[in-house]
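In order, the protein sequence lines correspond to chains A and B. Numbering that gives the first Met the number 0 applies: residue 0 is where the first sequence begins, and numbers increase by one. Numbering that gives the first Met the number 0 applies: residue 0 is where the second sequence begins, and numbers increase by one.
Hints may be right or wrong, so weigh each one.
Pairwise CB distance ranges (calculated) [claimed, not checked]: (1) B:Ser14 <-> A:Lys321: 57 to 63 Å; (2) B:Asn178 <-> A:Leu364: 39 to 45 Å; (3) B:Tyr7 <-> A:Val374: 43 to 49 Å; (4) A:Leu364 <-> B:Ser133: 24 to 30 Å; (5) A:Lys148 <-> B:Lys321: 22 to 28 Å; (6) B:Lys321 <-> A:Leu36: 45 to 51 Å; (7) B:Tyr7 <-> A:Gln366: 29 to 35 Å; (8) B:Ser226 <-> A:Asn170: 57 to 63 Å.
Distance condition first, Cα-Cα at most 27 Å in a straight line; then the derived DSSO-like pairs of lysine-lysine [stated by the list, open to error]: (9) A:Lys262 <-> B:Lys118; (10) A:Lys311 <-> B:Lys248; (11) B:Lys118 <-> A:Lys88; (12) A:Lys100 <-> B:Lys88; (13) B:Lys321 <-> A:Lys416; (14) A:Lys415 <-> A:Lys169.
A partial selection of chain B residues facing chain A, derived with a Cβ cut-off under 8 Å [stated by the list, open to error]: (15) Ile69; (16) Gly71; (17) Ser86; (18) Glu106; (19) Val108; (20) Leu147; (21) Ser259; (22) Ile279; (23) His300; (24) Ser301; (25) Leu303; (26) Asn325; (27) Lys339; (28) Ala358; (29) Asp365; (30) Ile417.
I should point out that these hints are in silico values taken from the structure, not numbers from a laboratory. Keep in mind it's a predicted model, so treat the numbers as computed, not measured. All C-beta atoms, glycine included, are put in the ideal place defined by N, C-alpha and C.
Protein chains: 2
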Amino acid sequence: MFEFEDYYKIDMDESHKAEAYSALKEELDGGEVGYYLLPEDISLVANIESYILEKNLASDRIENVVILGIGGSSLGTKAIDRLLEYSTKRDENAIRRRNNKNLIFLENVDPNEIEESLKGVRVDNSVFIVISKSGGTIETTSSFKFLLKRFGLTFDDEVFQNSFIIITDKNSPLDQFANDFNLKVFHLPTNVGGRFSVLSAVGLLPLALVGYDIGEILAGAKELKESFFAKKEDMLIKKAYYYAINREKTPINVLFSYSSAFKFFNEWFVQLWAESLGKINRDGEHVGLTPVGLIGSIDQHSFLQLIIEGPKDKNVTMIKVKNFDNDLMIPDITLPHLEKTDFINNHTFNELINAQCDATMQSILDQDIGLDRIVIDRLTEKSVGYLILYFELLTSLTGYFLNLNTYDQPGVELGKKILQERFSK
Amino acid sequence: MFEFEDYYKIDMDESHKAEAYSALKEELDGGEVGYYLLPEDISLVANIESYILEKNLASDRIENVVILGIGGSSLGTKAIDRLLEYSTKRDENAIRRRNNKNLIFLENVDPNEIEESLKGVRVDNSVFIVISKSGGTIETTSSFKFLLKRFGLTFDDEVFQNSFIIITDKNSPLDQFANDFNLKVFHLPTNVGGRFSVLSAVGLLPLALVGYDIGEILAGAKELKESFFAKKEDMLIKKAYYYAINREKTPINVLFSYSSAFKFFNEWFVQLWAESLGKINRDGEHVGLTPVGLIGSIDQHSFLQLIIEGPKDKNVTMIKVKNFDNDLMIPDITLPHLEKTDFINNHTFNELINAQCDATMQSILDQDIGLDRIVIDRLTEKSVGYLILYFELLTSLTGYFLNLNTYDQPGVELGKKILQERFSK
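Extracted from the complex, chain A is given alone in its bound form (with noise of 0.2 Å):
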């Protein structure tokens, strides 16, 4: 499913890597870190599976899936939709193909966009998802007033009560105002945080809603868990321990993903990088990653400029996708010119974009640049799951290394007092 190829050389005792598997194992025993149980989790599969069925929303009336979201509560969704689309899309022998419901993010406030968004959404055709894992968050809660009074429904209406689902912690504000009205509630597991929370409800409700298998995102991310936990996974932790020993010397890690699927999936990787792993540490230094996500061929043409020339201060990680499963072609024309460019003339733009890859590899390491590749065989839910435990469990290890809490984000709750005092006034 996987290849792994690593093209840095660092030295690393047997007794950290032992320490590093230790760390993980008792976040995991202590029950503090509640990610590395969701790959288990086969009967909120079942649940969600039944709850589908019972609800009749597989059904062709369903047109729309709107997220009430923001950060961890949309960015893992639309990464896993956008890696898994085409493929499923396009695979008409697939046991399970995603449907033509449209994934619909009410993420941002900007009110032009919510606007936007909402263009043919009606409350019979629809189905709303309002996700906060504190329940308080005031894009979302913002934008379920706004769709109440659009839509001019009462907390008393079954209509409402039949549309809503929430997904919020056991106990939070959101979850008692659920109670309250009979709405349908998932609980995010307590002790998952936001932006590792895409394996739990809050991923999987949306993914089964338009069809995709979620039983096989998470067996894919199970096997690596096994793996990692029978302490098997060496190169994930020699990735971590040289991120983190190299913290000043190259602060930006840069993911590179050969396949423009990758867009949303580069910036879930952002949120959990720089969420995580910025912080005050417990030396009390400043200390943290800065994640760039760019899409290949593309920042070719743009970012690669300052990889190559620029500053020596990043480190790269490709991913590139061996099989797209799909055989267009660049066709056999010479365009009279402009024949220098009929080299790739009967290949499959499939082989172009992985030979644009490899070059790009090249050039990169001739900089002497610190690199590793993933090479995927294809884009299934099962590796994709695996994926994303990959960079989960490659956070949790560099901030293991870093010698922080991985899980908090204090940081950004400043600016949220400062909002609220600004209306109070």
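Put chain B on the given structure of chain A with help from the hints.
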């Protein structure tokens, strides 16, 4: 139209300022840097508009404007369209409104994306614009060949000659091809690089086709150009100088734009900044500043944590749009148990997003992080033209202070060579 605020303090000799004005004036007068002249090219506007009339390309028959181009040939157009589309679509009384034609970009060579992008695209309902400065960009020529095959077109075909428009350098191989087969060509001035080309035909032709007032875009740019060369833009010079002298202390420049409309503008900026300034400079040093584009409020739930608590290696520029011309409101609804979110009731989303921008700015300033802010009255053709030139001039000035050639990109050539060698074996 604009307010510029800066919150960093620097001392700068008057002589340094004068030298910077002179340096850019020399570039203008010497004729090596052509983008300074674009805002005044009124004859291009007339040519584009009369060509659209002559060929009746504004008609409803044309449903799709398909751009074949990558990097500098696509990002600027995408950026401006996204900045303006909501506002000009909503304004019922505007003289010009964005029409309903789809702008479709064939950028990447991801085969699944190509297939998805071309759904519903036929020769008889579309116009195709092939954009390549050098003429030989492999992504663009490959897509071009693919379309020829897909639609069964031959070079002598009138349908082909009437549906495809070329934008390239004079005498490039693509220009020669176009001349052989009577294709309409718009030339890019040879002294205008791809990433500085959005105010040339590269951006103006597609933007005119979807209905924007391209004369106004140029007028906005011209206003700043004249003011700059009249030596009235000291703040811009101070900002570039500040970035350059702090290049080692704060090598990361964050653009934090408070509206979803800036999504592609951020990407345009990232290309402009990374590819222009990531260089081996004239003193033989690897210099460069890493750009990061963020969208507020979304990235308050992501990257902001890293800015606030991470290493002090960043400067931030915020962008705020005062008027979204949209009065969508957060209604006066109390969600039981969520009363603490009521402080925002009866305010517009426009007020909320702007208050979030203010609050985030305050929380960043509290950390003593270098920050400036651009406040735009509203997004119009004119203000967007001004903003484009603002960042282009800032790039030229920063490149001047970093003592490098802002306009070349030698670092991306090696990968192209390796790619070609792979297929020539």
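Self-check item: Numbered hints the structure breaks, given as an ascending list
Solution: none
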